[in-house]
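Given the sequences, and given the hints that come with them, work out the whole structure.
Protein chains in written order, with the numbering used here: chain Y, 21 to 285; chain G, 30 to 158; chain E, 26 to 171; chain H, 95 to 759.
For the record, the hints were derived by calculation from the structure and aren't laboratory data.
Among the clues, some could well be false.
[As the list claims (entries may be wrong)] Pulled a few chain Y residues facing chain H out of the computed Cβ check, cut under 10 Å:
no.	residue
1	Glu58
2	Pro186
3	Asn188
4	Gln208
5	Gly230
6	Lys231
7	Asn235
[Claimed, not checked] Non-contacting residues of chain G with respect to chain Y, defined by C-beta distances greater than 12 Å in every case (computed):
no.	residue
8	Asn34
9	Arg37
10	Tyr69
11	Asn80
12	Ala85
13	Glu88
14	His130
Keep in mind it's a predicted model, so treat the numbers as computed, not measured.
No residue lacks a Cβ here, since even glycine has one placed at the ideal position from N, Cα and C.
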Amino acid sequence: MIYSYFPGCTLKNKAIDLDIYARRSAELLGITLEELPEWQCCGGVYPLAKDKIATKLSSVRALAASRDAGHDLVTLCSACHNVLKQVNNDMRTDEYIRSRANNYMAPDAEYNGEINVIHYLELLRDTVGFENIKKKVVKPFTGRKIGAYYGCLLLRPGKVMQMDDPENPKILEDFIRAIGGEPVIYAQRNECCGGYATVEDKAYAASRAGKVVDNAAACGADMLITACPLCLYNLNKSNAENKLPVVYFTELLAEALGLKEENDV
Amino acid sequence: MSENNICREDILRISGVDTRKCMRCGKCSATCPAYDEMEYHPHQFVNMVENGDIEALVESPSLFKCLSCFACIDRCPRQVEPAKLVEAVRSACIRRQGHNHLSADAIPAILDPDIPQQALVSAFRKYSE
Amino acid sequence: MQMNDNTFRPKIVAFCCNWCSYAGADLAGTNRLNYPADVKIIRVPCSCRVNPTFVLRAFGRGADGVIICGCHPGDCHYTSGNYYARRRMTLLFSMLDYLGIERERTRVEWVSAAEGAKFAQTMNSFVETVTKLGKNKRLEDLRCKK
Amino acid sequence: MQRIGVFVCHCGSNIAATVDVKAVAEAAKHESGVVFSADYQYMCSESGQDLIKDMIKEHKLTGIVVCSCSPRMHENTFCKAAAAGGLNPYMVEIANIREQCSWIHKDMPSATAKAIVLVRSAIAKVTLNAPLTAGTSPVTKRALVIGGGIAGIQTALDIADAGFEVDIVEKEPTIGGKMAQIDKTFPTLDCAACILTPKMVEAAQNDKIRIFSYSEVSAVKGFVGNFTVTIKRKARYVKEDLCTGCGLCTEKCPQKKVPNEFNLGLDNRRAIYIPFAQAIPKIATIDPDYCTMLKSGKCGVCSKVCSAGAIDYQAKDEFIDVNYGAIVAATGFNPIKVDKYDEFAYAQSPDVVTSLEYERLMNAAGPTGGTLLRPSDRTHPHTIVFVQCVGSRESEDSTKCGKSYCSKICCMYTAKHAMLTREKYPDTDVYVFYIDVRTPGKSFDEFYRRAVEQYGVHYIKGMVGKVTPEGGKLKVQASDLIAGKQLHIDADMVVLAAAIEPDKTARPLATLLTASMDTNDFFTEAHPKLRPVESPTAGVFLSGACQGPKDIPETVAQAGAAASKVIGLLAKDHLVCNPCVANANEMLCSGCSQCEKVCPYGAITYSYKEFRMPDRTTKLRLVASVNAAVCQGCGACTVTCPSGAMDLKGFSNKQIMAEVDAICK
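Encoded structure:
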């Protein structure tokens with residue numbers, strides 16, 4: 021199976037782990053990820069104002085390039101996924117945005133939302149299947165109590181993202197089970213980590229992230245996994261004594277599949 | 030858009046929100062993770078826009094406390110989508126000349142070695158035009 | 026009484042089932058939901074009472090659009106009448122299409138007695154579509170012309 | 095030649111404000127056949143009806159057209175007036191110029207123009223009307239009540255009281271419904287079981303009432319007065335006539351891990367069970383999903399301990415056909431599933447419960463024996479938060495697919511829960527988060543005020559946004575809109591007032607009954623104000639919450655009203671049939687039998703008849719004939735007939751063509 025792949029700005033830099041382990045695991049699981057040539061940053065946040073078209077164009081370009089390549093588009097970072105999926109939804113359903121964006125771009129062929137934006141996790145669930153991953157696990161996380169941290173962008177708005185039930189998700193929990201761990205369900209798993217507010221007000225973001233970490237710890241988690249570099253950063257910052265290690269889910273996947281080497285990281 | 034006349038209609042147009050659908054249950058403010066940081070809370074945004082009380086919102090630091098986490102959008106029983114109003118007022122505010130909330134000059138001071146690019150990109154998108 | 030302006034107003038015949046859409050039309054009225062005066066309703070006991078010749082007759086006499094409204098599938102007051110109507114009209118409409126009456130001039134819709142809003146909405150969209158198509162001349166019976 | 099009279103109603107200003115009634119009456123005068131035309135203030139008033147009678151006599155009218163409200167409103171009124179004036183009642187046509195004209199158009203010229211067209215079309219139709227005589231059909235003097243909750247029980251008791259036989263079909267092993275699960279009733283706080291169980295016993299002992307428990311309606315044929323209903327009696331694997339209800343089997347059954355639905359899964363029951371102590375009929379039922387004997391053929395304990403020999407593992411579903419004159423739907427309601435609202439952590443913590451679960455936790459016969467204990471650790475809760483409107487009053491496009499209506503009963507039962515909790519456990523802090531407190535009803539608002547003033551329940555205007563289970567507590571994050579604060583409460587229990595919705599069996603039942611439903615799957619009444627307990631389908635009546643959210647007093651009142659309508663129907667020996675039935679023109683009929691195949695009622699039969707041919711010979715031909723008592727007048731046959739021999743009285747081909755012509759003129 022071949023998919024186009026949009027890594028996003030942070031995965032080429034601060035979150036290189038998230039990217040490397042994902043590619044390595046995909047290869048083993050029979051998925052080919054072809055990075056889009058000349059992709060541009062998605063902007064990090066979906067523009068909620070209806071009259072903002074220009075800030076959606078980089079996403080539309082990525083979507084159109086993926087369409088031209090003939091593949092659905094896989095993303096990994098929660099923020100990129102959120103932006104690309106929402107813009108794709110606009111291109112499918114909002115006549116105004118579609119015509120304006122296509123006018124700006126003037127590409128050879130208009131883009132009308134022909135492809136699907138798929139998160140790496142959806143790929144694991146729907147294409148590979150968690151059962152098949154289970155069979156390929158060589159180093160299971162037996163006995164490890166792992167809390168899944170969804171944050172906000174992976175699930176919401178539920179109407180558009182449609183990855184899982186936004187209030188009672190289970191995709192990451194099923195993933196944890198597949199790699200042999202024991203998922204810990206805690207209520208703050210789908211609440212915001214503080215997000216971009218950290219740029220301006222570190223204490224504010226830290227208090228948000230602190231609530232998440234405390235709740236997960238109180239519910240018995242000894243580790244948290246996430247798909248978002250900004251979540252990872254905020255959770256780690258609020259978690260000074262490092263009572264809960266926070267890692268990318270792809271790192272655990274690679275480790276379980278026996279693809280993590282000593283000299284990594 | 031000139032200095033002082035951001036009106037209710039501008040906000041409704043930019044946001045695409047119908048404030049009349051609100052039944053004043055307050056669930057948006059109940060679920061908002063940024064509540065304690067805000068001067069005006071999500072349900073007040075809805076009410077104030079409905080009443081055309083835009084200028085107070087434009088002046089309020091609350092605009093830059095919303096985390097755009099979509100919790101109010103997903104949990105509103107009436108699909109009012111308060112976060113879109115916050116974004117519309119914020120956009121209307123920073124689109125005015127010289128009203129950028131975050132300037133590039135301020136970045137070096139707040140930079141720390143671990144901060145992901147994504148945070149800076151997002152903050153610029155939210156806080157400046 | 027003639028309307029002053031010369032803008033084209035279509036003639037629309039709506040056959041409505043007594044048990045669902047006729048009551049739906051009443052509900053639209055009770056709720057004061059607007060739709061154009063061009064729609065004139067004929068009450069029939071069931072959508073299956075609508076003989077294809079009625080539709081042909083309407084077009085022959087100068088109607089610009091014909092719409093048949095029945096109960097939702099499975100909800101027919103007479104158990105299965107709406108299914109007969111659906112099958113008959115599918116055939117008839119393709120024949121009309123062949124005769125040059127645009128598909129958009131004919132429609133079968135399911136509107137229940139509780140769906141006043143849907144009735145008004147359906148009529149608004151139908152009138153809009155037919156108005157865009159303009160006058161229907163294809164099947165007119167010229168003997169009826171003055 | 096027909097002599098037509100036209101009467102144009104003002105309906106006060108309802109019609110006259112947008113339709114120029116004088117112009118309509120004037121235009122009608124020029125139609126062919128019209129000999130009288132006038133407008134009048136209120137045609138449905140007594141003097142309006144007198145006008146019809148007088149004009150029929152004065153002008154020797156042969157047909158009349160009344161331009162007024164919908165025929166669904168007053169067609170009957172005018173037919174009766176015409177009959178009183180000496181005219182055949184079917185020589186009346188209504189032009190609907192209110193609902194379908196004056197109320198939907200704003201502009202007078204176009205509304206008037208449309209009204210004139212509608213009148214012309216009605217005149218064209220009435221000119222072709224023929225006098226009709228309605229036949230009669232006999233009435234089966236037995237009623238069926240579907241659903242054995244308080245609504246069904248009350249309806250059945252009232253019908254039986256009038257001397258008619260009545261059957262209750264209940265899908266569960268016992269009658270009693272939701273009320274049997276309720277602890278106390280508002281606003282009087284009397285015990286629900288104490289007032290319900292005597293009624294259940296009364297129903298069981300009444301020799302006019304038969305109870306088919308653990309049964310479903312699987313098919314309905316026929317029409318008002320003459321329904322034939324197929325009842326599926328599900329296999330309960332216990333012979334009803336032998337079981338004494340001793341309950342020994344339910345104690346000995348080794349399969350102990352079956353969620354007890356009567357207590358909403360808060361405790362377990364056995365695979366063979368009697369739902370609750372006062373169940374009617376008090377007969378055990380084997381749950382085939384859990385019984386090891388039925389699943390694997392190993393066990394048989396219940397059969398061994400049953401001294402009456404009532405256990406029958408070989409039992410099969412049975413189907414019986416019964417004739418009824420009237421059917422009452424009393425299928426009731428259910429709370430919605432709250433799994434889409436997991437911001438309230440219902441799936442994450444057993445201490446987050448729905449109101450009905452809370453009802454069981456308060457009930458002396460419930461899983462905790464009436465002591466309020468947290469389901470998680472069976473400790474006494476000290477802080478309880480009630481959340482109102484969970485899934486009610488949502489917009490149509492809400493992401494959680496909630497209900498757009500107000501569930502009506504939640505405000506009052508929450509006040510009851512809060513009050514009872516404070517009364518029994520004064521050391522408990524009780525918070526109620528509300529959007530509005532809705533208490534219309536006798537002594538209702540006083541009840542709610544007592545909860546606040548006398549019992550010290552904290553009512554807070556606002557909504558709960560997030561519940562986080564942490565360290566054995568439920569951290570409740572909510573807004574207090576009056577104080578302008580976000581509150582954080584450490585609660586021990588959270589109770590969700592889930593919206594109520596019609597029972598899932600209602601939709602397929604409506605299809606069987608050809609009764610209409612609204613978009614929320616509540617049954618539609620024949621008229622929202624004037625005929626609230628009748629379905630638009632003749633002979634089908636509505637009782638209780640299947641028609642809309644209701645509390646117990648309203649349900650009982652509606653149940654009685656439905657019963658009185660049924661009694662009124664069953665008291666008649668014959669019903670007047672709809673005379674608008676199909677008839678075959680034997681001279682045109684080719685005997686192809688197409689019509690017989692499409693008739694949903696089997697009203698058409700074929701027989702050989704002797705015909706005189708033009709050459710004076712006689713010939714035997716197969717021709718269709720319609721049984722007027724069975725035909726319901728749908729008209730399917732008229733369109734199917736290839737030779738045009740079939741026509742429908744009152745809606746004949748010629749009449750409809752005339753209407754089409756008048757509209758397209």
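| Of the numbered hints stated previously, which ones are contradicted by the structure, given in increasing order? | 1, 5 and 14
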